[in-house]
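Engineer: So the chains spell out like this:
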Amino acid sequence: MAKIEALHPWKEVPLGCAILEAGNARKFKTGDWRSKIRPKTDYEKCIKCGLCWIFCPDMAYGHREDGYFDWNSDYCKGCGICARECPKEAIQMIAEEE
Amino acid sequence: MAVRKGMEVSIAVSEAVKLANADVISAYPITPQTHIVEHLSELVADGELKAAFVPVESEHSALSACVGAAAAGARAYTATSSQGLALMHEIMFIASGLRLPMVMTVVNRALSTPINIWNDLSDIMPERDTGWIQLFAINGQEAVDLTLQAFRIAEDPRVLLPVLVNLDGFILSHVIEPVEMPDQEQVDRFLPVFKPVMRLDPDQPVTYGAFGSPDVYTEVKKQLEEALVGSQKVVAEVWKEFRSIFGRNYKPIESYKTKGAETLLLTLGSISETAMSAVDALREKGRKVGLIHIRLWRPFPFKEFFQAIREAKVLAVVDRALTPGGIGGPVGLEVKSALFQKADRPYVAEFVAGLGGRDLTVELFSEMVEKAIGYARKGKEMRYEMIGVREK
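Chains U and C, in that order, give the protein sequences.
Quick note, the first sequence lines up with residues -10 to 87 if you use my numbering.
Quick note, the second sequence lines up with residues 22 to 413 if you use my numbering.
Incorrect hints may have been included.
Claimed, not checked - If you only want the chain C side, here are some residues facing chain U, beta carbon under 8 Å, derived: (1) Val45; (2) Arg120; (3) Leu132; (4) Leu181; (5) Val214; (6) Pro226; (7) Val227; (8) Tyr229; (9) Ala231.
Since the hints were made in silico from the structure, they are not lab data.
Think of the CB as a built atom: it goes at the ideal place given N, C-alpha and C, for glycine as much as any other residue.
Bound conformation, chain C alone:
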């Protein structure tokens, strides 16, 4: 029987990796990811998880070791944060380009400079275009569930892509939450042994990572793009099966009190739960407010997004990263682009907030909702507004 107990979310994620029976774990410690790989190294050292734990000299090597392991047919896992993810950037494209299934937990943290160990999404957003399937967890239970699902999605013969699961640094990774840890029998039923479609094998030699001339590069990129977009169908199937075994339901775009809502907050990650409290408070005052949060960031679920916002008149997008010199933040950019061709579309107010661990409170979400409604009424032309920045 699955047991529900209070656990630090990082520890729960490493226990999920153990349940997934990873073969190779390669990682370099970085705040706030440390507890995940620290606990995994203990599990391996104590013989509780039969895996090769490869301690490396950098995150570049950590992901490279996963690439090698996955190419050899192993179930590979790594985790990182911030600067560590930035150092992996080059290898991110190689993992997806080689179509190697693997799973990475990204414990979201701000990028330097200034050095800042606290939470925002400035680490993952520059990795948006690396060809990985990208998921967001909003609480500890989701972090566990998405980790298990990630292996299953990545290894599906119709997908064969790396998958990363985002969870917010500290405000999610280091909190103790009630988590229902699935039992091994359930997980084994959901996640069978990895059977690679192709792997490095001395008896049947193949070459991975050779050069591709202008004659072939375009076709390879087209194939990768189709696989990534096509993976959404598999993600939906995996969630359906997950629900039948574990009883918990996942959707690419999650909705909260959207029925009859004229204004919708749009969030990613654990701040969604704080924003839900703001929605509750505003609803109590009779305001027609709801929330959607993006679970599947890549591939972006356009159809489900349009469906989720069909009744909304105003969208208040909360971005926790900037695209410097651009129109706003990455989420706002995505959403506005998606809506551009729709004749009937909501007014989009975009806010950049919560950078480098700046608190995002219920009051701030309420403020953003009120501002969005006001701007919509005036038809204000806006790029984005930075919330809480000191002017003097």
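So that you can see chain U by itself, here it is in the shape it has in the complex:
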């Protein structure tokens, strides 16, 4: 669970629990919910098709300048959809290092 920077006493909670600062969801690194596996791409097999990037339900893949795709540990939940959809079986789900 991501840490909330300021925990308000009840009298100071913004009215109706509104969020007054736009875009603060950026501060929530939801990758720490990840199950104990993560994707690993074999760039020898990868054909840069981008299906991992398309299918990732958390938009945790980024497009690199060299055309390959990288996972982002800040957001990946370890669901394995990228590995399942990869047409070249270039992505494997491996155990998370403790």
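Let chain U serve as the given structure and place chain C on it in line with the hints.
Structural biologist: Relative to chain U, chain C alone:
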């Protein structure tokens, strides 16, 4: 000048919403609320009320549209009944949780099954814990006055909560009563233009309705509870000001012939007037009987309640809803819980009556009073008694 004339109460309520200058009205028609929103749609279509009338596909959407409108800073209004209110249930918590002022008229009607369009309080009682301020009108004049007051209470920066006004289906909503409609100048003086403390504004973006983790949820609920309980002070102020402008007086617990009364009937809504006739008849026979009726149901006015019953030896509570499998009806439950810590408390006899439009007559109220006195004398241990149920 305010004019007193005979009006159908539903029409009078919609005229009050017009006087309150609502910006957005979103509703779905349901018996017996229909005349209210039907007339409002006419007022908007005829250009008499400059408002957006949003016809929707369900009550869930009706209240959701009000939530959106109030969040954008509009004065929002809706009305419903029975199944419609049940369908709003989910959004009821959202309106109060987001601290959005809005007003709803609940034209009380029984819940299915069996399908029943007639009056009781089984629709509003399950909404007791939704965080709304809840008022009861006993006649047409009160329905008009409470509607105007509701906007003022809801929009007070110290409150910022939704307010609902209950009026009994058919036996109040569809009767023609003499009503003094306030004039626009008076209403404008009492109810200024709504100035939201916070609203959805593209130039100053805020997020409404985001998730709240276990780290914040408790504090948000505490804040809501304090606002609801604290609203009673504002309600009292609003009633004081209402009285100074319109001359009519409102109290959280209303008393009728309670002086010297040993037995008090306790009612909610328009049946209170029938019960008053029963009190008159019993008083004529020399019985020491009075009545109190609850105007402000949420937040419950404990202090005023204790004050109102301080001389009573017997309370005869009339509930028009059941809490199935529980100790009785919701009003009895509330009152008994409130009295539990009082060493000196009256005997409470609880009656469930008037379900699904079953007539509640003067004779039945007298019967309940007599029964309550008898049970008190015997110290009868009772949960509740259902009045008028056929055994064979």
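Engineer: Which earlier hints can't be squared with this structure?
Structural biologist: As far as the earlier hints go, 1, 3 and 5 are violated by this structure, in ascending order.
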